[in-house]
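K.L.:
Protein chains in written order, with my numbering: chain R, 48 to 258; chain U, 48 to 258.
Take these hints with a grain of salt, some might be off.
[As the list claims (entries may be wrong)] Capping the alpha-carbon separation at 27 Å, the derived lysine-lysine pairs in DSS-like fashion look like this:
| no. | chain 1 | residue 1 | chain 2 | residue 2 |
| --- | --- | --- | --- | --- |
| 1 | R | Lys124 | R | Lys224 |
| 2 | U | Lys158 | R | Lys235 |
| 3 | U | Lys152 | R | Lys173 |
| 4 | R | Lys152 | U | Lys235 |
| 5 | U | Lys152 | R | Lys88 |
| 6 | R | Lys88 | U | Lys52 |
[Stated by the list, open to error] Derived, one-sided and incomplete: chain R residues facing chain U with beta-carbon distance under 7 Å:
| no. | residue |
| --- | --- |
| 7 | Leu128 |
| 8 | Tyr149 |
| 9 | Leu162 |
| 10 | Ala179 |
| 11 | Lys224 |
| 12 | Leu227 |
| 13 | Gly243 |
| 14 | Ala245 |
| 15 | Leu254 |
| 16 | Tyr256 |
| 17 | Tyr257 |
[What the hints assert, rightly or not] Across the chosen pairs, the derived CB separations fall in these ranges:
| no. | chain 1 | residue 1 | chain 2 | residue 2 | range |
| --- | --- | --- | --- | --- | --- |
| 18 | U | Lys195 | R | Lys52 | 46 to 56 Å |
| 19 | R | Val111 | U | Asn120 | 49 to 59 Å |
| 20 | R | Pro133 | U | Lys108 | 47 to 57 Å |
| 21 | R | Thr177 | U | Gln77 | 41 to 51 Å |
| 22 | R | Ile258 | U | Ser72 | 22 to 32 Å |
| 23 | U | Glu74 | R | Trp102 | 36 to 46 Å |
| 24 | R | Pro133 | U | Ala101 | 40 to 50 Å |
| 25 | R | Phe106 | U | Gly104 | 44 to 54 Å |
Just so you know, the hints here were simulated from the structure itself, not pulled from any lab data. Keep in mind the model is a prediction, meaning the values are calculated, not measured. Every residue gets a Cβ at the ideal spot worked out from N, C-alpha and C, and that includes glycine.
Protein chains: 2
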Amino acid sequence: MRWNKISDAVIRRLPLYLRVLDELSVETDQELISSHDLGEKAGVGSALVRKDLAWFGEFGKQGVGYEVGFLRNELRKILNLDQEIPVALVGVGSLGIALTRYHLKRFEEDKSFNLKQVALFDIDPKKIGTIAEGIPVFSISEAATKVKELNINMVMIAVPAEGAQEVANVFINAGIKGILNFAPIKLKVPDEIHVGDADFALELQRLAYYI
Amino acid sequence: MRWNKISDAVIRRLPLYLRVLDELSVETDQELISSHDLGEKAGVGSALVRKDLAWFGEFGKQGVGYEVGFLRNELRKILNLDQEIPVALVGVGSLGIALTRYHLKRFEEDKSFNLKQVALFDIDPKKIGTIAEGIPVFSISEAATKVKELNINMVMIAVPAEGAQEVANVFINAGIKGILNFAPIKLKVPDEIHVGDADFALELQRLAYYI
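Sequences are here, hints too, so could you generate the full structure?
P.N.:
What follows is the structure, given as structure tokens:
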């Protein structure tokens, strides 16, 4: 990849821009957007928008702005979202099921989401072999086989804190590259594995500072 | 407050430090921790740990480190988590219920969490007036009264994207100060309102970049 060294802070903002462009495409037939308007809708300053996008090419024209459809396609390509990405979720509890429903809804409604949940994993023999929300539940002991078979690159971990590290290890050994962690612990992973933190308890504690 | 100008990036890391200290207090009787060890467990460099904490006072001793119990209490005070903070959740769907369960479990198990979910809100007449997970469900039209009565400062929004901005407006008018938003839209709020983004779709899209 030619943009190996781009900071994660930049990458974090790309999905925000993509969401704005998606909304524009669905709700209006607006063809151009200025960095000012794109920034305002994404909650980012216009200079930073221009700087972020400049990492990946010359997408805009001075005084004209960005072409909505073109930039949207480019962002999808950059984020690998121009193809379906198979993902799995581990932990078929109430949180896991709710996340699955939410995930499937996003996949259905949002063409730029493109992360398709294809498998569930659990350790409970009563759940293994069943279908939940239309998705098969496998045993965690089948991780290696299923990750290969279904071409899974990413897992969401929605198991209790005590089990999360072990689950992460199993799936890293099975070959996944990214983890979205809902469990309230900090996972230890090799450098080449990317972890997203979806632990909203931390976010609530941050907000508590401001009240 | 004397630490008005501290950047949000610093505030974001405080709950990570607090979590490490909480785990140490529960699992060990370790009384001191170096900035190196605290940083390693929190996933932050040791120099940054020292810099972050220095904003709030002289908590550590050179060559000795931080007192675990003392620093833990100080962080709780800084984050306002030395008192119970009443929060509400809007949207009693499957995501809302799963988040409520998860929230109550955190509140139960984690003494530094201290955000107590005291109310649910919905617009569905079939849900209003019922009790879900032990918590009363009120109508969104009662927001102003209930926010005052229950001293609610923060709401979690778990309604569909289409309704999220309106819900945010209602609760901001009712007097809340912080929002944790699970809906996949960027909320427009006045400057004095703090919003946390708990939209995991964005986080998955970011991870897709790396695979």
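K.L.:
Next step is simple, just say for each hint if it's right about the structure.
P.N.:
We went through each hint and held it up to the structure:
Taken as a hint, the R/Lys124 and R/Lys224 pair is honoured in the structure, with Cα atoms around 18 Å apart against an allowance of 27 Å. In summary, the hint linking U/Lys158 to R/Lys235 is supported, as the alpha carbons are separated by about 24 Å, within the 27 Å threshold. At most 27 Å may separate the alpha-carbon atoms for a hinted pair to count; U/Lys152 and R/Lys173 meet this at roughly 23 Å. For the hint linking R/Lys152 to U/Lys235, the alpha-carbon distance of about 23 Å falls within 27 Å, and the restraint holds.
Proximity of U/Lys152 to R/Lys88 is assessed by CA-CA distance (about 36 Å); at most 27 Å being required, the pair is judged violated. Simply put, R/Lys88 and U/Lys52 have alpha-carbon atoms about 25 Å apart, close enough for the 27 Å limit, and the pair holds. Here the hint on R/Leu128 is kept, as its CB sits about 6 Å from the closest CB of chain U, short of 7 Å. Because the beta carbon of R/Tyr149 sits about 5 Å from the nearest beta carbon in chain U, less than 7 Å, this interface hint is met.
Hint status for R/Leu162: holds, given a least beta-carbon distance of 5 Å to chain U, under 7 Å. At about 12 Å, the closest approach between the beta carbon of R/Ala179 and any beta carbon in chain U exceeds 7 Å, and the interface hint on this residue is violated. Because the smallest distance between the Cβ of R/Lys224 and any Cβ of chain U comes to about 5 Å, under 7 Å, the interface hint for this residue holds. Checking R/Leu227 against chain U: minimum C-beta separation of about 6 Å stays under 7 Å; hint holds.
Annotation: R/Gly243 was flagged as interfacial toward chain U, and the flag holds, the nearest CB pair being 4 Å apart, inside 7 Å. Taking 7 Å as the C-beta contact cut-off toward chain U, the hint placing R/Ala245 at the interface holds, the least distance being around 5 Å. Because the closest C-beta pair between R/Leu254 and chain U is about 4 Å apart, less than 7 Å, the hint holds. For the restraint placing R/Tyr256 at the interface with chain U, the shortest Cβ-Cβ distance is roughly 5 Å, inside the 7 Å limit, so the hint holds.
Proximity of R/Tyr257 to chain U holds as hinted, the smallest CB-CB distance being about 4 Å (cut-off 7 Å). Taken as a hint, the range 46 to 56 Å holds for the pair U/Lys195 and R/Lys52, whose Cβ atoms sit roughly 51 Å apart. Between R/Val111 and U/Asn120, the C-beta spacing of about 56 Å keeps the proposed range 49 to 59 Å intact. In this structure the hint that R/Pro133 and U/Lys108 lie 47 to 57 Å apart at CB holds, the actual value being about 51 Å.
At about 43 Å, the beta-carbon gap between R/Thr177 and U/Gln77 stays in the expected band of 41 to 51 Å. Checked against the hint of 22 to 32 Å, the pair R/Ile258 and U/Ser72 passes, with Cβ atoms roughly 25 Å apart. A beta carbon spacing of about 43 Å between U/Glu74 and R/Trp102 agrees with the range 36 to 46 Å that was offered as a hint. At about 46 Å, the beta-carbon gap between R/Pro133 and U/Ala101 stays in the expected band of 40 to 50 Å.
Distance hint check: the CB atoms of R/Phe106 and U/Gly104 are about 46 Å apart, consistent with the given range 44 to 54 Å.
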